[in-house]
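Participant: Chains as they are written, first to last, in the numbering used here: chain F, 1 to 140; chain U, 1 to 140; chain C, 1 to 140; chain B, 1 to 140.
It is worth saying that the hints were derived from the structure and are not from the lab.
Be a bit skeptical, because a hint or two may be false.
Stated by the list, open to error - Mimicking BS3-like on lysine-lysine, the simulated pairs with C-alpha atoms at most 30 Å apart in a straight line are:
hint : chain 1 : residue 1 : chain 2 : residue 2
1    : F       : 113       : F       : 85
2    : B       : 131       : U       : 120
3    : U       : 131       : C       : 129
4    : C       : 129       : F       : 120
5    : F       : 80        : F       : 15
6    : F       : 80        : F       : 131
7    : F       : 15        : F       : 85
8    : B       : 85        : F       : 80
9    : B       : 15        : B       : 80
10   : U       : 113       : B       : 85
11   : B       : 113       : B       : 131
12   : U       : 123       : C       : 123
13   : B       : 7         : F       : 131
To be verified - Quick look at which bits of chain C chain U covers, simulated, 3 or more residues with Cβ under 8 Å:
hint : region
14   : 7-18
15   : 74-84
What the hints assert, rightly or not - Residues from chain B shown here face chain F by an in silico Cβ test under 7 Å; the list is partial:
hint : residue
16   : 15
17   : 44
18   : 46
19   : 48
20   : 69
21   : 73
22   : 93
23   : 96
Quick caveat: nothing in here was measured; it's all calculated off a predicted structure.
Built from N, CA and C at the ideal position, the CB exists for glycine as well.
4 protein chains.
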Amino acid sequence: MTACTHKVQYYETDKMGIVHHSNYIRWFEEARIDWLEQIGISFSEWESHGYASPVVNISCSYVLPMRFGDIGFITVTATKVTAAKLELSYIVENQEHQICCLGTSSHCFTASKGIPISFKREKPEYWNKLKTMEQPKEQD
Amino acid sequence: MTACTHKVQYYETDKMGIVHHSNYIRWFEEARIDWLEQIGISFSEWESHGYASPVVNISCSYVLPMRFGDIGFITVTATKVTAAKLELSYIVENQEHQICCLGTSSHCFTASKGIPISFKREKPEYWNKLKTMEQPKEQD
Amino acid sequence: MTACTHKVQYYETDKMGIVHHSNYIRWFEEARIDWLEQIGISFSEWESHGYASPVVNISCSYVLPMRFGDIGFITVTATKVTAAKLELSYIVENQEHQICCLGTSSHCFTASKGIPISFKREKPEYWNKLKTMEQPKEQD
Amino acid sequence: MTACTHKVQYYETDKMGIVHHSNYIRWFEEARIDWLEQIGISFSEWESHGYASPVVNISCSYVLPMRFGDIGFITVTATKVTAAKLELSYIVENQEHQICCLGTSSHCFTASKGIPISFKREKPEYWNKLKTMEQPKEQD
Chain F
1 MTACTHKVQY YETDKMGIVH HSNYIRWFEE ARIDWLEQIG ISFSEWESHG
51 YASPVVNISC SYVLPMRFGD IGFITVTATK VTAAKLELSY IVENQEHQIC
101 CLGTSSHCFT ASKGIPISFK REKPEYWNKL KTMEQPKEQD
Chain U
1 MTACTHKVQY YETDKMGIVH HSNYIRWFEE ARIDWLEQIG ISFSEWESHG
51 YASPVVNISC SYVLPMRFGD IGFITVTATK VTAAKLELSY IVENQEHQIC
101 CLGTSSHCFT ASKGIPISFK REKPEYWNKL KTMEQPKEQD
Chain C
1 MTACTHKVQY YETDKMGIVH HSNYIRWFEE ARIDWLEQIG ISFSEWESHG
51 YASPVVNISC SYVLPMRFGD IGFITVTATK VTAAKLELSY IVENQEHQIC
101 CLGTSSHCFT ASKGIPISFK REKPEYWNKL KTMEQPKEQD
Chain B
1 MTACTHKVQY YETDKMGIVH HSNYIRWFEE ARIDWLEQIG ISFSEWESHG
51 YASPVVNISC SYVLPMRFGD IGFITVTATK VTAAKLELSY IVENQEHQIC
101 CLGTSSHCFT ASKGIPISFK REKPEYWNKL KTMEQPKEQD
């Protein structure tokens, strides 16, 4: 798996001169879609069949501010894959391999009209791809 | 008609410490929808009937930078209303009545699947509301 | 204390037809600054003295999607105020008083150049205003 | 010169299912900074010397909507380079070489505190790089 690369744009900075904290949440999405593509799941195709995976929870810890021109490398890990839920974690590092941001997202699976489904039952070929990527978090 | 009010948010600033220039384009939209509501056109209802008014052209002149906490007052004028096209102009003033930004947008009208239509023929009750607001630009 | 009001803008929606989840993080900031003003702290003035309160952590639970034209009411509560840290929680309700989103943020205090400080010691007049607002979370 | 590449992100779409029109203005900036780097001007370094090139005017014509997952190729041309002003034009094409968007921006040059300067006189080594790129628009 390759980390998703995101160059910090001028329009992503705020008056503190750093990346506005809301943008990392957008980068998580960017990395998530890239990660899905890398394991063979096209999000566009997924949606075209009426499926979605809405965000249920987000968390983000800000470790080191990033600045205009910095390059972020976003690594995605599937920490939990159940029939009805997907949990991912994210690490954002800069070009000097310093951790800048850590995050998590959890998602449910829905069919058309937003009805929650067992993804495992409904789309086993997609679900299995997710399941093989699962790397449970170590116990603290 | 009342000017649309928009308080500058922190997340709208950039590292120069001023509102990022792309945000004024968003404020134009905000003011446009507010202006339509004031003349009795609900954009949501409009869209629910399959109609849309995509942006065809945008222009913006930046006169005075706005900063965090400033309040923008956005005035909208319909400069041209034809059967198939709508042209609007925008003035953004700050809390001290200084002009900060001037802009224009032009729009076509479409029915479902994005097919351009004569709005005048298809939705005369909406179109007439727009037409009564028309204030052609003075000749330079 | 008055809830902060935010009308959902068209540019805040995504192709699912709902508010993109990253925008709620921006609304938290909007509500936070509004809340600070209500208790007598101007964020602009605060920054002009070289102080900042960078976001250290963010979390957000998405309960009910919001749509274009909906109105969000964002309530802020200070759940923890220590010498060096501020924790806030957020509730976003829509115009029908339904909870749409729940969130938290934690902040440290810094002086110029981003050096963490004891806010209690350095700016007791500001800190006391925060402290009087503290409403610790009930034990679960 | 290489066109700047920008993959359409989910968070850049709106409820019409297309890229929100304000985002192209951001892509212009992204392409502009990339173009400056390609001709040997680092925008970060430029700013670190107290110089800026604020946007004075923007225009954008929307030809074909772009969608999630599309790839934009943004070509930048310097259409006018004078001592005190820079004019650029932009073409955004999709992965099928269709023109999606055409735009222009004009910029002045400022030194610290936003004072307009003759860039030609003050920074001839940067200015000459811009001047060699000038390709005046053909007469219509």
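Participant: Holds or violated: is the Cβ of residue 48 of chain B closer than 7 Å to a Cβ in chain F?
Facilitator: Result: violated, 11 Å to nearest chain F Cβ.
Participant: Starting from residue 80 of chain F, check that the Cα of residue 131 of chain F is at most 30 Å away, please.
Facilitator: Given pair residue 80 of chain F, residue 131 of chain F holds - Cα atoms ~8 Å apart, limit 30 Å.
Participant: Any CB of chain F closer than 7 Å to the CB of residue 96 of chain B?
Facilitator: violated (15 Å)
Participant: Closer than 8 Å, Cβ to Cβ, for at least three residues: run that test on the region 74-84 of chain C against chain U and report holds or violated.
Facilitator: Violated: only 0 residues of the region 74-84 of chain C have a Cβ under 8 Å from chain U.
Participant: For the pair supplied as a hint, residue 131 of chain U and residue 129 of chain C, is the alpha-carbon distance within the 30 Å limit?
Facilitator: Answer violated: residue 131 of chain U to residue 129 of chain C is near 53 Å, above 30 Å.
Participant: Checking one constraint from the list: CA of residue 80 of chain F to CA of residue 15 of chain F, max 30 Å. Satisfied?
Facilitator: Not satisfied, since the Cα-Cα distance of roughly 37 Å exceeds 30 Å.
Participant: Would you check the hint for residue 7 of chain B and residue 131 of chain F, treating anything up to 30 Å between C-alpha atoms as holding?
Facilitator: OK: residue 7 of chain B and residue 131 of chain F at ~27 Å, within 30 Å.
Participant: Hint check: is the beta carbon of residue 73 of chain B less than 7 Å from a beta carbon of chain F?
Facilitator: violated (16 Å)
Participant: Verify the proposed pairing of residue 113 of chain B with residue 131 of chain B, using a straight-line Cα cut of 30 Å.
Facilitator: Roughly 25 Å separates the two Cα atoms, so the pair holds.
Participant: Going straight from one Cα to the other, do residue 15 of chain F and residue 85 of chain F come out at no more than 30 Å?
Facilitator: The given pair, whose Cα atoms are some 38 Å apart, is violated under the 30 Å limit.
Participant: Count the residues of the region 7-18 of chain C with a beta-carbon closer than 8 Å to any beta-carbon of chain U: does the count reach three?
Facilitator: Contact hint for the region 7-18 of chain C vs chain U: holds, 3 residues under 8 Å.
Participant: With a cut-off of 7 Å on the beta carbons, see whether residue 69 of chain B makes it to chain F.
Facilitator: holds (5 Å)
Going down the numbered hints, you'll see the structure goes against 2, 3, 4, 5, 7, 8, 9, 10, 12, 15, 16, 18, 19, 21, 22, 23, while the others check out.
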